[in-house]
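Position 69 of the sequence shown, counted from 1, bears residue number 69 in this note's numbering, the numbering being contiguous throughout.
Simulated from the structure, these hints should not be mistaken for laboratory data. The beta carbon of each residue, even a glycine, is placed where N, CA and C say it ideally should be. It is possible that part of the hints are untrue.
[Unchecked claim] Straight-line alpha carbon distances no greater than 27 Å define the calculated DSSO-like cross-link-like pairs of lysine-lysine that follow: (1) Lys115 to Lys11; (2) Lys131 to Lys217; (3) Lys42 to Lys83; (4) Lys46 to Lys115; (5) Lys115 to Lys20; (6) Lys42 to Lys115; (7) Lys31 to Lys115; (8) Lys83 to Lys131; (9) Lys127 to Lys217; (10) Lys12 to Lys31; (11) Lys217 to Lys31; (12) Lys90 to Lys20; (13) Lys31 to Lys83.
[To be verified] Estimated spans, in silico, between C-beta atoms of each pair: (14) Glu215 to Gly157: 32 to 42 Å; (15) Ser48 to Gln74: 31 to 41 Å; (16) Lys9 to Phe89: 22 to 32 Å; (17) Gly104 to Ile223: 22 to 32 Å.
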Amino acid sequence: MEQAAPKSKLKKLSEDSLTKQPEEVFDVLEKLGEGSYGSVFKAIHKESGQVVAIKQVPVESDLQEIIKEISIMQQCDSPYVVKYYGSYFKNTDLWIVMEYCGAGSVSDIIRLRNKTLTEDEIATILKSTLKGLEYLHFMRKIHRDIKAGNILLNTEGHAKLADFGVAGQLTDTMAKRNTVIGTPFWMAPEVIQEIGYNCVADIWSLGITSIEMAEGKPPYADIHPMRLKNLSLEELQMRLKALDPMMEREIEELRQRYTAKRQPILDAMDAKKRRQQNF
1 MEQAAPKSKL
11 KKLSEDSLTK
21 QPEEVFDVLE
31 KLGEGSYGSV
41 FKAIHKESGQ
51 VVAIKQVPVE
61 SDLQEIIKEI
71 SIMQQCDSPY
81 VVKYYGSYFK
91 NTDLWIVMEY
101 CGAGSVSDII
111 RLRNKTLTED
121 EIATILKSTL
131 KGLEYLHFMR
141 KIHRDIKAGN
151 ILLNTEGHAK
161 LADFGVAGQL
171 TDTMAKRNTV
181 IGTPFWMAPE
191 VIQEIGYNCV
201 ADIWSLGITS
211 IEMAEGKPPY
221 ADIHPMRLKN
231 LSLEELQMRL
241 KALDPMMERE
251 IEELRQRYTA
261 KRQPILDAMD
271 AKKRRQQNF
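Modelling step: build the complete structure from the supplied sequences, incorporating the hints.
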C-alpha cells in the first residue's frame, strides 16, 4: 500500500486560506488564556495538521496598537521570536494566527510548579531570550515589555519572545524614545524617568526577569510602581549578587556589551541627523 505524503509544515497562510472563513481553515480546540488585547486559543490548521495559537481580539480594542503588533510580527523571522502566520476578520473580532508554544509562558511554569527555576533553567532561558533580543535590536525594534509572562516555551523547551503589543521601532531620526510603555516593575530607570531610552532598556528588563525567575517575582514588587524611579543600577546589581555572584556578573556583562554594541550605531544615527539639519 502506498503511504500518504507527509503534510508540509505551515510557514505562512496562503492567499486562498486567507479568503476563507477561519473555521474552514482551523479547528479551534480550547482557550489557553489572555494576552494583550484578547483571548488566546489553541487550534489545528486543517491542511497541515499543525497546532497553532489564535489570538481573538475585539475590533473595538485599540486597533492601531493591534495593527502595530501584527506589523512587527510580520517583519520578524527568527527561531527565538514567536512566528506570525496570518490574520482574519470574523464578525467583531480580529483573529491573529501565531506559532503555538505548548509549554506556556515562563511565569505559567513558575505558577504551575509552585516553585522558582533553577540556575541552569534560568541560564538556558536567558540565552535564548538574549538571542531573540539581539535579533529584534538588529531589526531596530525595542520590545519594551520583557518579563517572564512574555517569554514562551515550546514543547521542546525552547524559549521565544512574544506579545509585541507595546513594542517600538527605532528609526534613523529617532535614536531614543521617550514614551513610558511597559510593565513598571520591569522597566529600566530611564524609561520610568522619561529621559529617553533605546534597546539597552530591554537588557535591564531581562535582568529584572532573571530575578523574577529566581525569586518568583520582580524586586520591590510590594512597593508603589512610582517609587521605582529611585531604583538604581547599583541596587539591581546588589540584588543579583545576593542571588548568585555569577548571575550578577553575567547581567552586567550583557548590559555593557549591549551598550558598547549599540553605541556606534546610535552615534552614526546622531551624526546623520546633524548632517541633515545642516542642509
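The hints, checked one at a time:
1. Lys115 to Lys11: violated (36 Å)
2. Lys131 to Lys217: holds (23 Å)
3. Lys42 to Lys83: Holds, because 15 Å separates the two Cα atoms, which is no more than 27 Å.
4. Lys46 to Lys115: violated (37 Å)
5. Lys115 to Lys20: violated (44 Å)
6. Lys42 to Lys115: holds (26 Å)
7. Lys31 to Lys115: holds (25 Å)
8. Lys83 to Lys131: holds (15 Å)
9. Lys127 to Lys217: holds (20 Å)
10. Lys12 to Lys31: holds (22 Å)
11. Lys217 to Lys31: Judged against 27 Å, a Cα distance of about 26 Å means the pair holds.
12. Lys90 to Lys20: With a Cα-Cα distance of about 10 Å, the restraint between lysine 90 and lysine 20 holds, given a limit of 27 Å.
13. Lys31 to Lys83: Cα-Cα ~19 Å, so holds.
14. Glu215 to Gly157: 32 to 42 Å: violated (21 Å)
15. Ser48 to Gln74: 31 to 41 Å: violated (20 Å)
16. Lys9 to Phe89: 22 to 32 Å: holds (26 Å)
17. Gly104 to Ile223: 22 to 32 Å: Given a distance of about 28 Å, which is inside 22 to 32 Å, the answer is holds.
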